[in-house]
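Novice: Fit the two chains together into the complex; they arrive one by one in their own frames, and the hints show the way.
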Amino acid sequence: MKQTPFTEFHRAAGAKLVEFAGFEMPVRYTGDVREHLAVRNTAGLFDITHMGEFEVRGAQAGEWLDRMLTNHVGGMAIGQCLYSPMCRPDAGIVDDLLVYRYADRFMLVVNASNMAKDFAWLDSHRPAGISLEDRSAATALLAVQGPKASAVLAGHVPAAALDLGFYRFTEGGIFGVPATVSRTGYTGEDGFELYFEPAHGAAVWEGLLRAGEPHGLELVGLGARDTLRLEMGYMLYGNDIDDTTTPLEAGLGWTVKLAKGEFHGSAVLAKQKAEGLKRRLVGFQLEGRRVPRHGMNIVAGGRTVGQVTSGTFSPSLERPIGMGYVETALAANGTALEIQAGSSLLAARVTARPFYTRGSHRS
Amino acid sequence: MGFPDDVRYTKEHEWAREEGGLVTVGITSWATDQLGDVVFVELPEPGRALEAGKPFGVVEAVKTVSDLFAPLAGEVVEVNTLLADNPAVVNQAPYGDGWMVRIRPSDPKAFAQLLSHDDYEKLVEEQHA
Numbered sequence: 502m503k504q505t506p507f508t509e510f511h512r513a514a515g516a517k518l519v520e521f522a523g524f525e526m527p528v529r530y531t532g533d534v535r536e537h538l539a540v541r542n543t544a545g546l547f548d549i550t551h552m553g554e555f556e557v558r559g560a561q562a563g564e565w566l567d568r569m570l571t572n573h574v575g576g577m578a579i580g581q582c583l584y585s586p587m588c589r590p591d592a593g594i595v596d597d598l599l600v601y602r603y604a605d606r607f608m609l610v611v612n613a614s615n616m617a618k619d620f621a622w623l624d625s626h627r628p629a630g631i632s633l634e635d636r637s638a639a640t641a642l643l644a645v646q647g648p649k650a651s652a653v654l655a656g657h658v659p660a661a662a663l664d665l666g667f668y669r670f671t672e673g674g675i676f677g678v679p680a681t682v683s684r685t686g687y688t689g690e691d692g693f694e695l696y697f698e699p700a701h702g703a704a705v706w707e708g709l710l711r712a713g714e715p716h717g718l719e720l721v722g723l724g725a726r727d728t729l730r731l732e733m734g735y736m737l738y739g740n741d742i743d744d745t746t747t748p749l750e751a752g753l754g755w756t757v758k759l760a761k762g763e764f765h766g767s768a769v770l771a772k773q774k775a776e777g778l779k780r781r782l783v784g785f786q787l788e789g790r791r792v793p794r795h796g797m798n799i800v801a802g803g804r805t806v807g808q809v810t811s812g813t814f815s816p817s818l819e820r821p822i823g824m825g826y827v828e829t830a831l832a833a834n835g836t837a838l839e840i841q842a843g844s845s846l847l848a849a850r851v852t853a854r855p856f857y858t859r860g861s862h863r864s
Numbered sequence: 019m020g021f022p023d024d025v026r027y028t029k030e031h032e033w034a035r036e037e038g039g040l041v042t043v044g045i046t047s048w049a050t051d052q053l054g055d056v057v058f059v060e061l062p063e064p065g066r067a068l069e070a071g072k073p074f075g076v077v078e079a080v081k082t083v084s085d086l087f088a089p090l091a092g093e094v095v096e097v098n099t100l101l102a103d104n105p106a107v108v109n110q111a112p113y114g115d116g117w118m119v120r121i122r123p124s125d126p127k128a129f130a131q132l133l134s135h136d137d138y139e140k141l142v143e144e145q146h147a
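Protein chains in written order, with this note's numbering: chain A, 502 to 864; chain B, 19 to 147.
Chain B with its partners taken away, still in its complex shape (with noise of 0.2 Å):
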């Protein structure tokens, strides 16, 4: 399975994708595929404050579900709101339209702290093992 280099991951298969000091918020395609269909999407409001590796949204498919991480603190200023009524396109482009969260980082230097390709790339080998 190959992940993009334009983005950095938690060890809970968030990415997170930075663009003019925001920071987008999605789960990998490790995750939805262990997920199976996704069939909806719970997301905070923005405005909330995410506290780093607490938990900010559920993402529920048919035969499971998963809390969601914040990969790092900071403010919810924008949330996917095509996910409400197409929680499908988490499946179908979970890097592209099927993003979940913007944040504004509370530290701009956290980003770069989050999981290389390499090392996420490792790490999902490791628990696939």
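In isolation and in its complexed conformation, chain A is listed as follows (with noise of 0.2 Å):
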């Protein structure tokens, strides 16, 4: 199993940890409801270096990666991050990925599962003219996220970077070692993502830590990040999207640029939009207590119409919510469902996402 360079950080902090995509990483460090809790009222620390990192180069690059993406790459400012799914010709989701644009090159950070499947996609389709290299293993990655994720990096990274717009970046130092910081996350909240050498990992670990501390900054591990991105109605690929899924049923549309010109899923998502959509990932609340989990059959009028993709209990509403596909008639909000829980069903209801809509985080 791989290790990130805080592992031993976290076991001594107390961690349970567990396997994910082939890395040991924390899963919980003192509970769910608390490292939440602290991410949406004070500041949480993430350990997400198991994310992958590519680095795409040429003079073309900007080009290339506008025929791989749905979003506009092409648009995008230095010092820009971008959210884009990329697809296949079916317009399937081979994974959702940000793109940070440097002046010389582009950062593509991809999901941990998908590391292999996205280098070699992007590799075969890959033009002369333009590199694609896997920083993945040459790159720590933490998140600091939460209303105090300014107060605590204050004094410790450049003042510009305090001053980022939400998904902005900039390359400086936190702690005096070599970074790229980034106002981005994936919780809803205002916060950082910081990118650098794992060499430096106990440097930069122990200064947040200790600048943390005045501010609460607790450590959070990968079952509040699940939690937390649920409330915001956020994808998790693998669970609410994948290969099967195309981004205008999974309510990404936002991502999807047609007037761009062509690009790997266009051709499938133009008469998907002119035709409209079959089915479509709807969020839903439960009025009791019983949660719903991924697999689970969704019902309506007493027969099957989709499975949940991600379910939890909400611990900032304080209660069950989840996501799924549903056929389009009932996506509406306020459209009753009910939730196949072993021989029980549950009362949901239709809601808008996201779940929660009291984050810092600014637009």
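In short, the hints are calculated from the structure, not lab data. Honestly, I wouldn't trust all of these hints.
Claimed, not checked - Not the full set, but computed from the structure, chain B residues with beta-carbon under 7 Å of chain A:
#, residue
1, Val-80
2, Lys-81
3, Asp-125
As the list claims (entries may be wrong) - Distance condition first, Cα-Cα at most 20 Å in a straight line; then the derived EDC-like pairs of lysine to aspartate or glutamate:
#, chain 1, residue 1, chain 2, residue 2
4, A, Lys-503, A, Glu-525
5, A, Lys-779, A, Glu-819
6, A, Lys-761, A, Glu-525
7, A, Lys-772, A, Asp-744
8, A, Lys-779, A, Asp-743
9, A, Lys-517, B, Glu-143
10, A, Lys-517, B, Asp-136
11, A, Lys-772, A, Asp-591
12, A, Lys-517, B, Glu-37
13, A, Lys-517, B, Glu-144
C-beta: ideal position from N, C-alpha, C; glycine also.
Specialist: In structure tokens, the structure reads:
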């Protein structure tokens, strides 16, 4: 199993470590609810080194990425980050990723579980003159998320980093360590993601813990990361989206830029847009305390109409929430659904996403 | 992780404590550690007959869900109503206030057949390895 530069720190902090996408990762330290609420109320520190980083270089790199991704890379400014699905020609999603535009290159931040697949896919479509390098093993990645994230980093990153707009980044140092600092995250809160060389892991980790202590910074595991992203209605690849779902079905229409010209999946997506969707990903809340889980059937009018893709108990809303694909006729807000949990049918209602709307992130 | 030695255990990580002819049942600290924060416990009504080894309820945590299995056959005489309002007690005091049901065993000798402290500790070590 692969380790991150922080694995021993996790162990020392009493984390429960689990295998995740080939890495030994902390799923929780003190408790899912406490960690979740720390991110909502103060700040949390996440080790997300398992994510993959690819570097793309070449004079035509932007044009090529525009053919590989659904969002508009060509419209990006230097110092900007962009969320985009990457589709196959049939519009099935290969992965959802972040694009960073540097002056001389692009960085793609991909899901750990898809690293090998993504690299192979990109490489097999790579024209002459474009270089693609997997920098994952040479990159440590930490996220500081929460309303106090900025206060935690103040004085330890360049002032420009604290002034960044949402989905912008700068190259600078943190505790004197060269880093890319971006105002990004997957929690619905203000926050930063920090990319640096693994050799500096201890300096940054220990520096952040010291700097964070007066602000209530807590260590947060993958468990709370999942409940935080689900409260925001954000996608988890492999659960909510995969090779069999399209960005339009998943409600990611805002990342599909048909006007930019042809890209992998554009013909199918244009057709879906013109003809209307047969199914859509919806969010739903449940009335009781039983929790919908991935794979449970969604029932309407006595028949199965879909499956739960993600479900959890929302620590912020103190009620169960979930997502799943249903026929478009059942996708309107307020539609009554039922979730089959063993022999029980749980009453659910289609709810607009995000479920949690009081986050501190700035758009 | 230390396990109390005044209770007996099941392979499914329930504990059972015998007092005055009744058996109190809960889940072990190892189980709560695996589950994470408990947010809901579904328990049977008093009066229900339980079959040994069969599910009698559900414990929902934020990240996962697990059935509760009856350590022995008998009738439910009491359920812990505190858990309806405060399921987190299961994490805070799994062998105390976080108990779940009290059973009147149909076979008084069944309790002695449950796992001892040492057997359970060994089981957890094996499962953890």
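Novice: Under the constraints set out in the numbered hints, which ones does this structure not fulfil?
Specialist: Per hint list: 3, 5, 6, 10, 12 violated.
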